[in-house]
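Protein sequences, first through last, are from chains A and B. If you count the first sequence from 1, you need to add 4 to reach the numbering used here. If you count the second sequence from 1, you need to add 4 to reach the numbering used here.
Among the hints, erroneous ones may be present.
[Claimed, not checked] Some, not all, of what chain B presents toward chain A, calculated at C-beta under 7 angstroms:
(1) 35
(2) 37
(3) 40
(4) 51
(5) 248
(6) 266
(7) 270
(8) 273
(9) 289
(10) 294
(11) 295
(12) 303
(13) 317
Quick caveat, the hints were computed from the structure, so don't treat them as lab data. Think of the CB as a built atom: it goes at the ideal place given N, C-alpha and C, for glycine as much as any other residue.
Number of protein chains: 2
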Amino acid sequence: MRRAGVPELVGRAREGDHRAVARLISLVEDGDPRLPEVAAALAPYTGRAQVLGLTGSPGVGKSTTTNELVRALRADGRRVGVLAVDPSSPFTGGAILGDRVRMQDHATDDGVYIRSMSSRGHLGGLAAATPQAVRVLEGAGCDVVLVETVGVGQAEVEIASLADTTLVLLAPGMGDAIQAVKAGILEIADVFVVNKADRPGADATYRDIQGMLGLGERAAGDWRPQVVRAVAAKGEGIDDVLGAVDKHRAWLVESGTLRHRREARAAAEVEAIALGELRARLGSLREGTSLPDLAAEVAGGRLDPYAAARRLVDSLDRRQTG
Amino acid sequence: MRRAGVPELVGRAREGDHRAVARLISLVEDGDPRLPEVAAALAPYTGRAQVLGLTGSPGVGKSTTTNELVRALRADGRRVGVLAVDPSSPFTGGAILGDRVRMQDHATDDGVYIRSMSSRGHLGGLAAATPQAVRVLEGAGCDVVLVETVGVGQAEVEIASLADTTLVLLAPGMGDAIQAVKAGILEIADVFVVNKADRPGADATYRDIQGMLGLGERAAGDWRPQVVRAVAAKGEGIDDVLGAVDKHRAWLVESGTLRHRREARAAAEVEAIALGELRARLGSLREGTSLPDLAAEVAGGRLDPYAAARRLVDSLDRRQTG
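Modelling step: build the complete structure from the supplied sequences, incorporating the hints.
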């Protein structure tokens with residue numbers, strides 16, 4: 005396994021070898037230099053899976069909901085990939101969320117791939133790494149890929165919004181409705197799930213969200229986000245969630261939005277990879293215009309940051325023409 | 005005011021004109037084309053203020069703590085700037101947190117500047133906009149600038165870590181100790197504040213953090229993060245917080261870390277501005293290698309994203325040499 009080349013790994017992943025899939029996602033995570041080769045090998049098999057994003061504050065029940073969604077999708081005969089994207093430390097890297105402790109229910113099911121992921125070595129960050137990992141799972145035959153993000157920061161919002169359909173989980177009594185607005189979640193949600201709907205305050209959360217949705221203006225033919233109640237811990241409401249997802253899916257296709265979303269996702273990915281490359285070039289400049297040299301000038305008040313950035317970019321231009 | 009040029013605005017800000025300061029920060033927020041001129045005009049007056057970062061989950065009492073810190077610093081005769089950085093919606097922009105509703109206590113104090121900020125139009129994002137806004141406040145004579153970030157996403161962590169001293173607020177019973185580890189906060193905190201220390205569970209939170217700090221290895225001479233208890237709503241423990249900040253400040257200077265931190269901050273800022281410029285260039289490419297054209301190829305499975313990114317960067321190179 006250790007010495008397997010990219011074509012062999014991709015071939016094994018295509019045949020459903022879980023270890024090959026895991027190895028390919030590790031290459032993505034680490035920003036391995038063979039990624040262009042992986043991407044080229046996978047390209048013909050991609051673009052078919054349904055990609056679902058799932059986000060929400062800590063404590064709303066994301067893992068439980070994911071677990072139940074996987075169960076329902078499997079009952080329907082679909083192959084499912086789960087990617088739990090973790091905003092890993094910018095300093096040490098590494099996902100805290102271990103695969104082993106997650107969703108043991110599906111551990112013995114060959115039709116389910118579960119993987120948590122950080123982007124410790126990936127130049128383009130999670131914006132580039134996530135779609136690449138989705139592509140690996142597509143390549144391995146997944147019909148549905150669930151991308152679960154931890155937290156409600158802007159980075160997580162952006163990752164969730166890369167999906168075909170974005171689910172936002174809320175729970176009663178967490179002030180989530182207001183937090184959702186702050187974090188820009190209201191704009192990205194296609195389906196709101198009020199989880200723990202058997203708890204006090206669930207109705208208020210439901211009404212808050214419906215009220216906020218009523219405030220925004222929508223053109224005729226636009227999607228009106230669905231709000232669904234669930235108690236994931238008891239498996240209740242999961243069919244309603246998937247019903248809302250199917251409804252959204254039908255709208256995506258009919259309205260032509262699916263193609264637009266996928267192109268936007270591809271554009272974000274391509275741009276992130278290109279910027280990663282340019283960033284690496286900026287970091288490798290020498291001859292007195294290195295970033296550390298310029299930063300020392302700026303920190304010392306002898307140069308302003310715009311002038312420094314200008315020198316950096318000019319130096320990049322010169323290197324390319326030279 | 006509307007027609008004031010950059011030199012006049014900077015001159016007025018230097019004299020303590022609050023409206024001029026507000027206007028300059030708006031230019032930063034909007035990514036105004038005159039920002040290089042603003043940066044050049046401010047450069048001689050910067051690099052002196054103490055920059056404090058303050059972050060923590062929603063509900064831990066950030067605003068209250070900031071309010072009390074401002075009060076204590078003002079009692080000490082120091083001019084204070086507060087920058088509340090809001091992870092604004094990536095789609096509509098605009099900070100939810102209104103300046104008017106924040107910290108009315110200091111509304112009539114000329115020695116305090118309070119401003120919430122998003123980065124709706126700024127190409128370099130908050131990573132570039134925040135240090136620029138800090139520089140405006142320094143230029144206006146602030147001795148201390150407090151950068152408060154909402155949320156615990158990676159973006160917020162990175163912004164907070166741009167400070168000389170980073171304060172992380174926790175509150176009992178929120179599972180914050182674990183969340184802190186997940187979000188990479190443990191590595192960036194110089195001072196932990198266990199706020200609401202009069203509530204049940206405060207001792208457990210205190211012990212959790214001390215325990216986690218004990219797990220990491222530290223070289224001799226490294227800073228050991230301080231853990232302080234406070235009840236900001238009653239003004240209790242604020243002197244202890246500022247005591248820990250002063251202690252950290254002394255260590256920063258003695259160990260030579262202050263210079264390193266400021267250079268790292270400047271490097272992040274310069275790189276963000278340079279990447280913003282390169283990103284704008286990528287977005288302006290035409291002739292069949294435009295990003296939307298390439299994205300459509302990728303979404304259709306006819307091109308892989310690495311090959312697309314390569315074409316984009318090559319096209320940029322050619323345009324520069326041509």
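Going back to the hint list, which numbers does this structure go against? 1, 2, 5, 9 and 10
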